[in-house]
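*Asks:* For reference, the chains in residue letters:
Number of protein chains: 2
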Amino acid sequence: MAQTTRRPAPRYGNRPTMKDVAARAGVGLKTVSRVVNDEPGVTPDTERRVREAIAALGFRRNDSARVLRKGRTASVGLILEDLADPFYGPLSRAVEEVARAHGALLINGSSAEDPERERELALALCARRVDGLVVIPAGDDHRYLQPEIAAGMAAVFVDRPAGGIEADVVLSDSFGGAREGVRHLLAHGHRRVGFIGDMPRIHTAAERLRGYRAALAEAGITPDPEWVSLGVTDPQRVRDAAHAMLGGPEPVTAVFAGNNRVTVTVVRVLAERVRPVALVGFDDFELADLLDPGVTVVAQDAAQLGRTAAQRLFGRLDGAAHEAERFVLPTRLIPRGSGELPPAL
Amino acid sequence: MAQTTRRPAPRYGNRPTMKDVAARAGVGLKTVSRVVNDEPGVTPDTERRVREAIAALGFRRNDSARVLRKGRTASVGLILEDLADPFYGPLSRAVEEVARAHGALLINGSSAEDPERERELALALCARRVDGLVVIPAGDDHRYLQPEIAAGMAAVFVDRPAGGIEADVVLSDSFGGAREGVRHLLAHGHRRVGFIGDMPRIHTAAERLRGYRAALAEAGITPDPEWVSLGVTDPQRVRDAAHAMLGGPEPVTAVFAGNNRVTVTVVRVLAERVRPVALVGFDDFELADLLDPGVTVVAQDAAQLGRTAAQRLFGRLDGAAHEAERFVLPTRLIPRGSGELPPAL
Numbered sequence: 001m002a003q004t005t006r007r008p009a010p011r012y013g014n015r016p017t018m019k020d021v022a023a024r025a026g027v028g029l030k031t032v033s034r035v036v037n038d039e040p041g042v043t044p045d046t047e048r049r050v051r052e053a054i055a056a057l058g059f060r061r062n063d064s065a066r067v068l069r070k071g072r073t074a075s076v077g078l079i080l081e082d083l084a085d086p087f088y089g090p091l092s093r094a095v096e097e098v099a100r101a102h103g104a105l106l107i108n109g110s111s112a113e114d115p116e117r118e119r120e121l122a123l124a125l126c127a128r129r130v131d132g133l134v135v136i137p138a139g140d141d142h143r144y145l146q147p148e149i150a151a152g153m154a155a156v157f158v159d160r161p162a163g164g165i166e167a168d169v170v171l172s173d174s175f176g177g178a179r180e181g182v183r184h185l186l187a188h189g190h191r192r193v194g195f196i197g198d199m200p201r202i203h204t205a206a207e208r209l210r211g212y213r214a215a216l217a218e219a220g221i222t223p224d225p226e227w228v229s230l231g232v233t234d235p236q237r238v239r240d241a242a243h244a245m246l247g248g249p250e251p252v253t254a255v256f257a258g259n260n261r262v263t264v265t266v267v268r269v270l271a272e273r274v275r276p277v278a279l280v281g282f283d284d285f286e287l288a289d290l291l292d293p294g295v296t297v298v299a300q301d302a303a304q305l306g307r308t309a310a311q312r313l314f315g316r317l318d319g320a321a322h323e324a325e326r327f328v329l330p331t332r333l334i335p336r337g338s339g340e341l342p343p344a345l
Numbered sequence: 001m002a003q004t005t006r007r008p009a010p011r012y013g014n015r016p017t018m019k020d021v022a023a024r025a026g027v028g029l030k031t032v033s034r035v036v037n038d039e040p041g042v043t044p045d046t047e048r049r050v051r052e053a054i055a056a057l058g059f060r061r062n063d064s065a066r067v068l069r070k071g072r073t074a075s076v077g078l079i080l081e082d083l084a085d086p087f088y089g090p091l092s093r094a095v096e097e098v099a100r101a102h103g104a105l106l107i108n109g110s111s112a113e114d115p116e117r118e119r120e121l122a123l124a125l126c127a128r129r130v131d132g133l134v135v136i137p138a139g140d141d142h143r144y145l146q147p148e149i150a151a152g153m154a155a156v157f158v159d160r161p162a163g164g165i166e167a168d169v170v171l172s173d174s175f176g177g178a179r180e181g182v183r184h185l186l187a188h189g190h191r192r193v194g195f196i197g198d199m200p201r202i203h204t205a206a207e208r209l210r211g212y213r214a215a216l217a218e219a220g221i222t223p224d225p226e227w228v229s230l231g232v233t234d235p236q237r238v239r240d241a242a243h244a245m246l247g248g249p250e251p252v253t254a255v256f257a258g259n260n261r262v263t264v265t266v267v268r269v270l271a272e273r274v275r276p277v278a279l280v281g282f283d284d285f286e287l288a289d290l291l292d293p294g295v296t297v298v299a300q301d302a303a304q305l306g307r308t309a310a311q312r313l314f315g316r317l318d319g320a321a322h323e324a325e326r327f328v329l330p331t332r333l334i335p336r337g338s339g340e341l342p343p344a345l
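Quick mapping for you: the protein sequence lines, in order, are chains A and B. Yeah, the first sequence ends on 345 if you go by the working numbering, and it's all consecutive. Yeah, the second sequence ends on 345 if you go by the working numbering, and it's all consecutive.
Bound conformation, chain A alone (with noise of 0.2 Å):
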């Protein structure tokens, strides 16, 4: 589809308008915006005579005119990974409210971290006229937007870089952020210590994993394969996962978390058991101050991300001609029992 957004601006030129509507009719065009908006001063007949121009042309009052800026229809568009993913509660909210400052509003839709769901819906709002879009991607190729972009359309990634297009990235440091994580384990003690992640074609598990790996290997330690597993974050996964790293005859005796869903999965499975084991999750979540132990974590600012990234869209809207960048922004551990606990066994 891309040719077909290739064409010089206005995009939408040729749907009907109040112009039109009034030449039909024969009327000005207060006329039409009196009848359009309800307003008085306007006879039965003249009424009636625009409501017929209206019907004929097909004419449809474009309602967002009143937050109108510059042309544009004054929305902006956000894909996100997982409706129900708590991680993105925040962010979008952040997303939202810098949306509001500046006139738009926000319309979201999510991908279910289907590379094909995340064009089709990035598209259909590219199709229902939105001046930008924040993506989190679900797909590793982004060039179907790019005929969208050179047609004026602003786009920013965020969580997850673009793929295939230069574009603006705003990402936490999960390399760093991981690294750290692992880190504070090692340095209470633990030489054994596993990683469950998520899919690793995702790029903040691939990047986790990667700060695992570092981790380690600054202290001399070659992980055991049975120490790392990757794969969906549904609970049953993760249990097993859990189970088969602490199980056997050299159990590992800390876990690192690839992300809060693996997390919350872990510390049920940590629950059921007697020996006490270490934790570090990645991604605060809520309420993990208050489990016994409470649960360390490798906190990102899902509201920073969001923030960022929806100003930097309004930036490019507003006119500012940047280069792509890519914003990294640093993570925090917070200690709180769980990754302090000194291995068992």
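Identical copies look the same in the list; a pair holds intra-copy or inter-copy alike.
Keeping only pairs whose Cα atoms sit at most 25 Å apart, straight-line, the calculated SDA-like set for lysine to any residue is:
no.: 1; residue 1: 19; residue 2: 57
no.: 2; residue 1: 30; residue 2: 144
no.: 3; residue 1: 30; residue 2: 40
no.: 4; residue 1: 19; residue 2: 120
no.: 5; residue 1: 30; residue 2: 120
Hints are computed from structural coordinates only; laboratory data are not their basis.
Go by the hints and put chain B onto chain A.
*Replies:* Just chain B now, kept in the frame of chain A:
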């Protein structure tokens, strides 16, 4: 903006079509299709003619076309109240799953509990050609949707009823659930039970307060005005309310929390106190069972609310013409420890 949608179908009949492009370029429809879809079998000269026609007419391929059903644009909208409230995660995902099963995309937006924002967003989604809307209403006047509904859009309300129009609504039994939760506290010997809830203009908040009052009335208890605190659910307001009813010469010995946002803050307040206080919360939440004590809740099935609403929506879109109906889903009391504590003092 009512009047512009009252004209007969097709609603978007005069956007340029592939047929228009074919006619202008003097080629067959299949040739245009090949160019638009980047398929082989078109000479460079023909391709150039087609592209010129596309540019001249402002043709923009409707990329939802692949999932078009019965002439609809195959997308539905969901208007949430708060993107960061975890209650809406499973609800949104369930709506999305039903939409996907019907070959439709889901587009979300958040009203942030602002009726004007809800209206603006709903109409913006209508203007972007959603076939139907699932609305968690912030406001209590939805007459602004009447023209859209008259023009064939389907609307189903969920969690809270519509105001001023006849529309389907899917609710949890807030009254019955709250009454059962408070009865549970009374059955464990409490006589002074506090209620901390959301703003009383919100339907669910009002219904839960009514359930609280009903349970006390059955037990012959007239609540002190100081036992009831209604307002926004931000942590500081809830914290102050909890401290107020837990202080003083005759403190409450149990608290009923009106929703998950209230409950998590009350859990924090109680964790800081020495004297045990019983707690039952409306809404289940992640890790509630792993806290100490586990938090007794009145659970509603957020996913089932979303699924029921979405199925109803697609039932209407598939042509089923029903009277507007009200569906009330049952709640479920889950005892976990906090609600079974006896009165202290």
